[in-house]
Amino acid sequence: MSTINKSAAQFLAPIIANKRIGSYHQIILGVGDLVKNCRPGNFIAISVGGDSSRMILRRAFAISRTSDSAQYGGTIELIVAPHGAGSRWLASQSEGTELDVVTPLGTAFGIPTEPVNALLIGGGYGSAPLFGLAEVLKNRGCRTDMLLGASVGEKIYAPMEGKRSVNSLQIFTEDGSMGEKGRVTSRLEAIISERAIDIIYSCGPMPMLRAITEIAQANDVIHQCAVEEAMACGVGICMTCVLPVKDETGIISMKRSCIDGPVIDGSSVCWDLVGKNPAEF
Amino acid sequence: MSTSVDLSTTLGDAWFPTPIFTASGCASNGKELAQFFPLKDIGAVVTKSVMTKPRHGRATPRMAETPSGMLNSIGLQGPGIDAFLANDLPWLISQGSRVIVSIAGETSDEYGVLARKLRAASGISAIEVNISCPNVENRGLVFAADSDASCRVIDSVRKVIGGEIPIIAKLTPDVTDIAKIAQGVVDSGADALALINTVLGMVINLDTMKPHLGGKTGGLSGPAIRPIAVRTIYQVHNALPSIPILGMGGVASGRDALELILAGASGVSVGTASFGNPTAIMSIQKELALLLQARGFTSLQQAIGYAHRG
Numbered sequence: 001m002s003t004i005n006k007s008a009a010q011f012l013a014p015i016i017a018n019k020r021i022g023s024y025h026q027i028i029l030g031v032g033d034l035v036k037n038c039r040p041g042n043f044i045a046i047s048v049g050g051d052s053s054r055m056i057l058r059r060a061f062a063i064s065r066t067s068d069s070a071q072y073g074g075t076i077e078l079i080v081a082p083h084g085a086g087s088r089w090l091a092s093q094s095e096g097t098e099l100d101v102v103t104p105l106g107t108a109f110g111i112p113t114e115p116v117n118a119l120l121i122g123g124g125y126g127s128a129p130l131f132g133l134a135e136v137l138k139n140r141g142c143r144t145d146m147l148l149g150a151s152v153g154e155k156i157y158a159p160m161e162g163k164r165s166v167n168s169l170q171i172f173t174e175d176g177s178m179g180e181k182g183r184v185t186s187r188l189e190a191i192i193s194e195r196a197i198d199i200i201y202s203c204g205p206m207p208m209l210r211a212i213t214e215i216a217q218a219n220d221v222i223h224q225c226a227v228e229e230a231m232a233c234g235v236g237i238c239m240t241c242v243l244p245v246k247d248e249t250g251i252i253s254m255k256r257s258c259i260d261g262p263v264i265d266g267s268s269v270c271w272d273l274v275g276k277n278p279a280e281f
Numbered sequence: 001m002s003t004s005v006d007l008s009t010t011l012g013d014a015w016f017p018t019p020i021f022t023a024s025g026c027a028s029n030g031k032e033l034a035q036f037f038p039l040k041d042i043g044a045v046v047t048k049s050v051m052t053k054p055r056h057g058r059a060t061p062r063m064a065e066t067p068s069g070m071l072n073s074i075g076l077q078g079p080g081i082d083a084f085l086a087n088d089l090p091w092l093i094s095q096g097s098r099v100i101v102s103i104a105g106e107t108s109d110e111y112g113v114l115a116r117k118l119r120a121a122s123g124i125s126a127i128e129v130n131i132s133c134p135n136v137e138n139r140g141l142v143f144a145a146d147s148d149a150s151c152r153v154i155d156s157v158r159k160v161i162g163g164e165i166p167i168i169a170k171l172t173p174d175v176t177d178i179a180k181i182a183q184g185v186v187d188s189g190a191d192a193l194a195l196i197n198t199v200l201g202m203v204i205n206l207d208t209m210k211p212h213l214g215g216k217t218g219g220l221s222g223p224a225i226r227p228i229a230v231r232t233i234y235q236v237h238n239a240l241p242s243i244p245i246l247g248m249g250g251v252a253s254g255r256d257a258l259e260l261i262l263a264g265a266s267g268v269s270v271g272t273a274s275f276g277n278p279t280a281i282m283s284i285q286k287e288l289a290l291l292l293q294a295r296g297f298t299s300l301q302q303a304i305g306y307a308h309r310g
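Chains A and B supply the protein sequences, listed in that same order.
Start counting the first sequence at 1; every next residue gets the next number (the UniProt record's numbering).
Start counting the second sequence at 1; every next residue gets the next number (the UniProt record's numbering).
A couple of the hints might just be wrong.
In silico DSSO-like pairs for lysine-lysine, Cα to Cα no more than 30 Å straight-line [what the hints assert, rightly or not]:
1. A/LYS276 - B/LYS286
2. A/LYS276 - B/LYS53
3. A/LYS163 - A/LYS19
4. B/LYS210 - A/LYS255
Listed next, the stretches of chain B that the computed footprint assigns to chain A, with coverage defined by at least 3 CB atoms under 8 Å from CB atoms of chain A [what the hints assert, rightly or not]:
5. 31 to 37
6. 51 to 59
7. 271 to 278
Calculated directly from the structure, the hints in this document are not laboratory data.
Cβ coordinates follow ideal geometry from the N, Cα and C atoms, glycine included.
Construct all of the structure, not just a fragment, from the sequences and the given hints.
If you want it as structure tokens, here you go:
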């Protein structure tokens, strides 16, 4: 047996709850004992559209939070932005519907062994996996501050119960409709030094991850980010979701964001080469 | 298997217990799918086309979903033959998997070099000579679009390895007369044919109003191309009934696999269906056995090319 996808299984998962929260849908799925293998940063790949669908590829979603209760057994929470045909189908499914899922997939956020000062930065619904991460960090005694950003206020995802797991939360919107006007990176350098940040965790659009990496590197802070790349399979067989990544010896290779990611050390990604022809590296 | 149907098949001298294989480029080199089913339980793993040197492939985006299909533009990213032989092949063999190694080159000589390296390796059931990858910079490099170029490649492989390991030539349906190309590669030494590679396509992104894929064009796969596969296999089996065909193109269920077999395929590769469903291959294999039994076939061999019989 190989170690790739070693915790993953394919099964039918019932929808326990499906609630609209602002622009997003919060979907809770029953996953049974498999919940024990789900770590913050892992993702789930879901078949959409039903048996006669013309959509042949799964949709990937970050696992936002996990829970294990006597009533429902193991459950995972996903945040779905219904902007395409597949995510709209998913958001329209009612409680009790069984979904064909493959999970948990991908790498997880690394958790420090000692209590450190962690800064969690989310863009849009990219904040979803950070709330589950915040709970884990809090239990490790870490101080966790969170910055959330989006173009407009309605694209901020910050549930009440999630806010309880962080020490502070600051919101930035580009149009100023919620929180401060600006971006999560606007005052990042000052925040890093004022709060003696040891590690940054981030999830959101690629330009945001790139901007955070540059500031984190300049300030000698570790940065683990969850990347977003279009995936066909989610399990490592299609080679579409690749990113140029540099190893310790300086060699650049095209790594799969589904199995070598989605969580990856921001400083190892060659952000300026993303989308460029690899023949010119 | 819950039926008594004999599913075994052959491609040239190579024997396989079942006719359902992975498709080259759709299973990487096996490790990723091994979590979902034992690789020895399927006919064979057809590995991702490997070249002489490691290769990065094309720029992203590399994928676009289309109605009942998808475009890919990977560009033969891979570890190169030496790393493949050192790491991937021994691992596959350790799993009890049967292995068909797919090779790709930029020149007919490169294919000869690859064949020489494979001759020294043990445990390979057959070689798929991919002369039809659409994701190359120069359309002129799609050897299978030209009969003479196809024959030169197959000839250079045959000179090295002919008679030792079955040679399967992988062809494109993007030609005017597929039977002529098929006849040419068989005359040059191909023992079997793999039909079909992806079909060249393009998607334009309405936000950027430019081609969506980094490589501009890509290969269309999935159920959208299945009728093209059925037609191509039918035409080639009609022209060359004694040449075994490894069929592929949009197979997502047992009925799809049976359709290709009735058209003339001796084996069926499952590609894009594995992207949407990592256990698709196992379901297809089970469904095929039941469908053959329901039609009164006691062996797969009886069904191959059945659509041609009077």
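Cross-check of the supplied hints:
1. A/LYS276 - B/LYS286: It is violated: about 43 Å lies between the C-alpha atoms, which goes past 30 Å.
2. A/LYS276 - B/LYS53: Holds: A/LYS276 and B/LYS53 sit about 20 Å apart, inside 30 Å.
3. A/LYS163 - A/LYS19: At roughly 18 Å apart (the allowed maximum being 30 Å), A/LYS19 and A/LYS163 satisfy the hint.
4. B/LYS210 - A/LYS255: Roughly 26 Å separates the two Cα atoms, so the pair holds.
5. 31 to 37: Three-residue rule met by the segment 31 to 37 of chain B, so holds; n is 6.
6. 51 to 59: With 4 residues close enough to chain A, the hint holds.
7. 271 to 278: holds (count 7)
Comparing the model with each numbered hint stated earlier shows that hint 1 is the single one that does not hold.
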